Amino acid sequence: MSAPQPQGGPVARVLGLLGRSRELTLVALMLVMGALVTLGAPQFISVSNLNQVTAMAAIIAIAAVGEALTVMTKNIDLSVESTIGLVAFLVGVILREHDLPVPAAWLVGVGVGLLLGIANGAVITIFRIPSIVVTLGTLSIFRGVVFILAGGKEVNLVDLPPGYADLATDSVLGVPVFVIVAVVIVAAVGLLLWKTKFGRQIYAVGSNEEAAAIMGIRSRTVTFTVFAMCGALGGVAGVMWGIYFGTIYATSASGLVLQIVAAVVVGGVTISGGAGTVVGAALGALFLALINNALLVLQLPQELLQAIYGAVILVAVSADALLSQRQRRLAAREARR
Amino acid sequence: MTTARLQLTGISKRFAATAALADVSLELLAGEIHALVGENGAGKSTLVKVIAGVHQPDAGEIRLDGELITVPNPAAARERGIAVVHQEPRLFPDLSVAENIFLIAPPTDRFHTISWGEMRRRAAELFEQLDVRIDVAAPVRGLSMADQQLIEIAKALAIEARVLILDEPTASLSSHEVERLFTIVRRTSERGVAVLFVSHRLDEVFELCDRATVFRDGRYVTTAPTSELTTASLVRFMVGREVSLFPKEATTVGAPILEVRNLSDASGFRDVSFTVRAGEILGLAGLVGAGRTEIARVLFGIEPRTAGEVLLDGRPVEFRSPSEALRAGVAYVPEDRHQDGLVLDFSITNNITLPILGRLFPRLFLRARTEVEVATQFSERLRVRMTGVDQAVKALSGGNQQKVVIAKWLAARPRVLILDEPTRGVDIGAKVEVHRIVSELAASGLAIIMISSDLPEVLAMSDRILVLHEGRISEEIPRADATEERVMFAATGQRVQAPAGTGASSVH
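First to last, the protein sequences are chains A and B. Mapping the first sequence onto our numbering, position 289 (from 1) lands on 289, and the numbers just tick up by one. Mapping the second sequence onto our numbering, position 88 (from 1) lands on 88, and the numbers just tick up by one.
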């Protein structure tokens, strides 16, 4: 094994273990934070509160998985929040105005998400325009389509089939359905990255595109596919967003991309590409959702929430950076021996 | 006898284990044009960087007009009136010509803000002195390499340089542009500037320079007036050293694998033809910029060709991407292994299997065990020194990284292997091993093209040597007739006056 075993006492050993994996750091932070918040506000740990938190976290996590794929290839998809908004609204309109079975409407929603992703990927790879520019444009275009579709009106919960919004809090064997969907998606995409050629190619393109090309990898095909996947996953998140809120406005999910990108980065996917996991991105989403909720249940002054939220993100990422630097120093010392 | 304008004495510079410069000296007189010549790796560039303040010498002293100085950084060099013009001009393409010239110290008005009119006027004045017409308000982007070099020279004049260093300035210029450059360099030296002209091109040395200093392997060889030198004596000073460490194994050369006919690309090379056979190592020699790497990039499908044809096993092929070339059995070990050859974040295993994942795993999922087996097999065959195949390649030494790159292509089972500077930057032990591996590969029936600037390497390893000069094949030398002098002559574009003992020149 190349990774040395952490040296020293139990504390050092635990820190060493955490430093090697962003995922473990996040889990540890969430446990510590959960315990502290429960002391101050016991309702934090209640089933109904945790169901609320995890349902929202599941939606963000699914979008973050797609976003993580683009970031791993040294790209970014800023338009994903508009995809979520557009799909959520479209599914609502379909259910309100057409006599389509609910699953069919969902399928249309995911399909539209896929098409939007394909549009992003096509423009980026055919015209070779940086993805940040392309998706900044489609962020507005997709949102513009929602406004046209809405024509000044929103989709109301009462227009939808009875009990539609309850799906968000339904559970199977005590596990919320949304969480099951998110876990299945994270597992599937995680397996793709870990165990398939395509997954390896994603990391190679993000790490060194020139070298990847010389090794016979079609980096543009990889980039295109990643954006298509990000769109489809945005579609899934959009469908779930619609179920969660029931009432959908033309501006729904505006600004959500910041949370999605934050989840990806907090989850340990490096913004310069080539490294990270989707498990990390999903845990990042859960972490952010928990912080959001903790700030609410602790009943801190409203005007402080935004600033504290940002500060907690920075503290978490800095702590992880410190731990992994320490880990690298240990490893280097080990290698010199 | 005047004092030297710039006097370097006993300069030494080491990088890790290699001595780039060992106790070298150089003297530049005011108003003289002085050539610094030597093979690739002789230490010319390192010396230029020491003078320019990019590198600090480990030992030795620098005197400017008799005064002992240190040059801690490039800004200090500029302040002392030392200007360097690099082979590739280093200008800011989006800024105007005038802004580039006065970037560090722009003329200001009484409010201490930049005086644009004054800046343009003074820039125009400089070009008038050089007798060059150029729009000083236009952005640099889009100007020719030659014009950009003149801007660098104008920059030198703007700081009233006492020493002007030209580092391979003619490498990318046409002959007409070279003439114009020489006129301007002469005019500059007549103003009392000491000019150091670093070049590979011996004809230019004789045309332009008053004296020449020769370096070899980081050491000072000699200094002499060019009038007392001949091309032959200069070449002998440049290459005169023991030859050969790594003889290639004798192999039976088989059928032609790769045939190249009248191949040209957009700018790097023209009308190149050659054949490589199974079991053969074809050496591609020539100076940096002669078009060797460009040929490799076209053969591997990275760059398009503009004319000619390529035959693989007798069938015409045209690769539009590296993946097509790989599938047809052509592999390329690029010159810059950090940039192009490896995914540094990946483990040894993941690097080796990356190009062949499709073949190893025709179905959906990868199997870690198979990958490790393949990686272990090839890294052991190449004797990669590692803690294990799961080690990250960025933790390996240069020589071992290069072995991983070669292992990767061996695993892909190519028929044609193109090696671009396979031993640059690796230590001598790893070098010998790489040579042993390349030799074994040829013996196993691969057709190998080896690009190298290392003359002893080319001579020892190649069955035939193709020498390029300015994008054309200047000579094809069979192994038996190859000498360092002969390769160097051809590489510098000199026609061969067949030395006694060898036959007539054999251009096929």
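It is worth saying that the hints were derived from the structure and are not from the lab. Just to be clear, a hint being listed does not mean it is correct.
[Unchecked claim] In silico EDC-like cross-links for lysine to aspartate or glutamate, where the CA-CA straight-line distance does not exceed 20 angstroms:
#, chain 1, residue 1, chain 2, residue 2
1, A, Lys197, B, Asp345
2, B, Lys394, A, Glu209
3, B, Lys431, B, Asp336
4, A, Lys197, B, Glu324
5, B, Lys394, A, Glu154
6, A, Lys74, B, Asp345
7, A, Lys195, B, Asp454
8, B, Lys394, B, Glu335
9, B, Lys431, B, Glu373
10, B, Lys431, B, Glu335
11, A, Lys74, A, Glu210
12, B, Lys431, B, Asp454
13, A, Lys197, B, Asp336
14, A, Lys197, B, Glu373
15, A, Lys197, A, Glu210
16, A, Lys153, A, Glu97
17, A, Lys195, B, Glu373
18, A, Lys195, B, Asp390
Predicted model, so just to flag it, every value in this text is computed and none were measured.
For each hint, the structure was consulted:
1. Lys197/A - Asp345/B: Holds: Lys197/A and Asp345/B sit about 17 angstroms apart, inside 20 angstroms.
2. Lys394/B - Glu209/A: The hint holds at about 17 angstroms.
3. Lys431/B - Asp336/B: 16 angstroms, holds
4. Lys197/A - Glu324/B: 18 angstroms, holds
5. Lys394/B - Glu154/A: 55 angstroms, violated
6. Lys74/A - Asp345/B: Status holds; Cα separation ~14 angstroms.
7. Lys195/A - Asp454/B: 42 angstroms, violated
8. Lys394/B - Glu335/B: 17 angstroms, holds
9. Lys431/B - Glu373/B: Answer violated: Lys431/B to Glu373/B is near 26 angstroms, above 20 angstroms.
10. Lys431/B - Glu335/B: 15 angstroms, holds
11. Lys74/A - Glu210/A: Status holds; Cα separation ~13 angstroms.
12. Lys431/B - Asp454/B: 11 angstroms, holds
13. Lys197/A - Asp336/B: Violated, at about 25 angstroms.
14. Lys197/A - Glu373/B: 17 angstroms, holds
15. Lys197/A - Glu210/A: With Cα atoms ~18 angstroms apart, Lys197/A and Glu210/A stay inside 20 angstroms; holds.
16. Lys153/A - Glu97/A: 14 angstroms, holds
17. Lys195/A - Glu373/B: 16 angstroms, holds
18. Lys195/A - Asp390/B: Satisfied, since the Cα-Cα distance of roughly 16 angstroms is no more than 20 angstroms.
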